[in-house]
Amino acid sequence: MDFGFNEEQELLRSQARDFLDRECGSARVRELMATEDGYDEGMWRRMVELGWTAIPFPEQYGGLGLGIVDLVVVLEEMGRHTTPAPLQSSVALAGTTLLLAGSEEQRARLLPGICDGTGRGTVALVEASGRWDAHGVQLRAQQSGDAYVLRGEKLFVPDVHVSDWMLVATRTAENSGDGLTLLLVDSRAPRVRTRRLGTIDQTRRLFEVGFDDVEVPADAVIGAPGRGWAALRRGLDRALVAVSAELCGTAQRAMEMSVDYAKTRQQFGRPIGAYQAVSHKLADMLVQVESAKSLTYYAAWAVDNDVPEAPLAASMAKAYASDAARWVTGAAIQVHGGIGFTWEHDAHLFFKRAKWGEATFGDAAHHRARVAEALDL
Amino acid sequence: MDFSLSPEQQRFRDDLRGWLHENLGDFAPSGRAQSAETAAPLETIGRRAQVEIERGRAWQRRLFEGGYAGISWPREFGGRGGSIIEEMIFNQELAEAKTPPLINVIGLYMAGPTIIAHGTDAQKSRYLAPLLRCDEIWCQGFSEPNSGSDLASLQTRAVRDGDRYVINGQKVWTSLAHVAKWCILLTRTGGEKYGGLTYFIVDMESPGVEVKPLRQITGDAEFNEMFFTDVRVPAENILGSEGEGWRVAMTTLMHERASLGVGLQVRSRIALEELRTLARATMEDGRSRAADPLVRQRLAQLFIECEAMRFNGYRGLTRMLRGEQPGPEGSINKLMWSEVNQRIADAAMEVMGPAAMLSPDDPDSPGEGRWSYLLLRSRANSIEGGTSEVLRNILAERVLGLPRSR
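Same order as they appear, the protein sequences are chains A and B. The first sequence begins at 38 in our numbering and counts up by one. The second sequence begins at 578 in our numbering and counts up by one.
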């Protein structure tokens with residue numbers, strides 16, 4: 038029984054923090070969020086050199102053979118810095134899904150690129166209904182001879198502009214398996230249309246992706262035909278943990294900024310942190326940040342060890358971290374007063390990042406419903 | 578990171594489960610008494626019928642004879658010499674098995690560890706063994722009518738008179754005072770606020786000690802008021818030394834929050850499972866209340882928060898296993914627990930609908946009255962053992978390093 042990080046993980050954390058403090062301060066984040074691509078390829082290369090993209094993959098694919106627990110360490114630090122980079126989409130979501138559901142041939146072909154940063158993937162799941170479950174998937178993939186033909190639209194697809202391939206959840210047959218088929222599609226294939234969405238969190242890039250009769254071969258199926266949801270689920274659980282970890286880092290940094298400010302900002306002749314109306318709000322931030330971390334770390338351990346309650350643990354972490362990050366980053370603006378509402382101050386970067394994390398992969402209410410289901414309520 | 582138990586810890590748990598299976602028998606929960614236990618874990622048993630006190634004594638004696646008293650106490654003091662993980666397993670398993678609460682909880686988790694930390698050899702050999710056997714029950718005299726959160730402002734005076742001290746004053750919120758043999762009593766011996774406090778072990782059978790029951794909003798009288806009138810206590814009954822009382826009292830309070838946390842979380846989760854059963858069984862317009870999306874959201878949220886407390890607790894234990902002292906972070910779980918427990922009661926009331934208007938002793942009150950009892954009893958959870966306001970002060974000042982608030 039040991040619920041803490043080991044020495045290597047602590048080292049990874051301090052290395053990540055040093056790197057991001059140096060390369061990804063808020064001035065740099067602001068520059069990058071104003072660019073079209075929204076990230077810095079040079080910074081990305083250096084993250085790759087630090088091994089971050091290789092963390093959760095086996096050595097045979099060029100990975101480090103570590104787990105989500107280790108990835109969580111890095112993602113927390115990226116959340117702290119509101120780092121713009123396609124690590125979340127390519128490694129935590131697309132990479133782990135391919136690792137868990139892809140064929141040996143697919144893994145051997147694509148994972149080395151994910152690990153060395155030369156190839157990037159993403160996942161296209163949500164549609165106009167806004168649902169994050171299997172029922173929300175209506176995009177048709179019509180079987181035609183040896184191929185599938187995709188027709189329809191996906192929304193909120195992360196980082197498709199810098200991806201080489203995407204895993205697309207499609208509806209293939211009503212009565213076989215879960216009715217879905219997960220297909221590997223070249224992001225630059227003919228008749229794939231992308232449109233960048235305006236995002237409240239400018240450090241994130243999300244897209245509408247249209248498929249106007251896009252044809253993929255039968256060997257593009259990930260997992261088995263008619264078993265697309267089963268193929269996605271375990272990767273999605275890992276992505277839930279990854280987003281929760283980012284939310285923890287974002288909330289923790291917003292709390293620390295608020296504490297620092299409350300110690301120095303004077304009103305009525307005293308630091309505002311000496312007033313309980315302020316200090317108790319900060320104490321409540323601490324309670325929520327620590328609890329979000331506890332649930333996230335446990336969920337990371339649970340998915341790494343594939344224990345039966347792993348999906349439940351992932352939903353618990355995502356539900357709690359979503360609420361906590363929204364409240365903590367909002368309270369941080371309040372503690373800072375007027376300056377916290379300005380564009381110049383960083384408080385809004387955290388508030389906006391928290392909103393992205395809250396709404397992506399299902400919000401707190403969605404995951405509480407999943408928890409209720411798992412508890413057989 | 579590893580959540581599995583070591584082979585030794587698994588053996589400890591399995592042995593304990595087997596032992597409980599064989600020994601719980603006539604101590605197994607029944608009817609209304611159990612509902613009160615589920616609802617009121619922290620404050621132990623308080624003033625209940627003598628028969629229950631005797632039952633509690635007998636249960637703890639049986640635990641002692643089975644080798645399950647003072648799990649993490651050193652062997653030389655009659656304990657089991659186990660780790661804090663075993664202490665945690667012990668508390669979890671007892672809560673799961675719905676055993677009677679440990680009647681000598683103040684002795685086991687507050688007075689005992691304080692004596693081990695600060696006591697003389699003579700004190701250790703006099704007090705610890707009868708405490709573990711439950712031959713002598715302990716109570717705690719800290720709070721006073723005018724000294725609640727500001728504990729160090731207390732006014733109960735101890736004045737030296739030769740080799741004795743003469744104690745005068747009043748204490749309040751004292752569980753078990755009417756059945757206790759010993760009281761850990763915090764008194765004022767000097768003028769300095771913190772440096773003027775002295776910690777005594779007082780014989781409750783001494784002339785001049787008077788105990789009066791205090792009736793609560795539940796109608797029960799778990800607590801007492803204690804009056805001390807010229808009570809003469811030998812100087813050798815000081816724990817630590819004169820003027821050192823605050824430091825010694827901090828040991829007591831840290832142990833209270835660190836040790837009891839795990840059991841509380843488990844009891845809240847058990848209450849939540851019972852609430853799930855209630856929600857399923859309660860029908861509205863031909864539909865189970867458990868099918869109502871709002872009810873499901875509330876119960877799921879409470880379950881998530883219970884789990885968060887469990888993992889917060891594990892992280893705290895891990896820090897202790899790595900050699901750190903139990904820190905002020907322990908206040909996080911106490912703060913969360915009191916609020917979760919109150920919201921469990923609120924959710925139960927919502928599930929119950931108009932039956933929420935029934936008193937706990939009405940025969941039609943759902944769950945044999947446990948939910949209505951919990952509603953009332955849980956209001957004390959955010960006051961006893963440190964009010965939520967004081968706990969937020971502790972977190973703000975001692976964890977976040979904010980200036981002292983006023």
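If you are wondering where the hints come from, they were derived from the structure by calculation, not from laboratory data. By construction, the Cβ of each residue, glycine as well, lies at the ideal position given by its N, Cα and C atoms. Check the hints yourself; a few may be wrong.
As the list claims (entries may be wrong) - Under 8 Å between C-beta atoms, here's a sample of chain A residues computed to sit facing chain B:
| no. | residue |
| --- | --- |
| 1 | M38 |
| 2 | F42 |
| 3 | A64 |
| 4 | L137 |
| 5 | A299 |
| 6 | F305 |
| 7 | A356 |
| 8 | Y357 |
| 9 | V408 |
These are the hints, each one checked on the structure:
{"no.": "1", "hint": "M38", "verdict": "holds, 5 Å"}
{"no.": "2", "hint": "F42", "verdict": "holds, 7 Å"}
{"no.": "3", "hint": "A64", "verdict": "violated, 27 Å"}
{"no.": "4", "hint": "L137", "verdict": "violated, 20 Å"}
{"no.": "5", "hint": "A299", "verdict": "holds, 6 Å"}
{"no.": "6", "hint": "F305", "verdict": "violated, 12 Å"}
{"no.": "7", "hint": "A356", "verdict": "holds, 6 Å"}
{"no.": "8", "hint": "Y357", "verdict": "holds, 5 Å"}
{"no.": "9", "hint": "V408", "verdict": "holds, 4 Å"}
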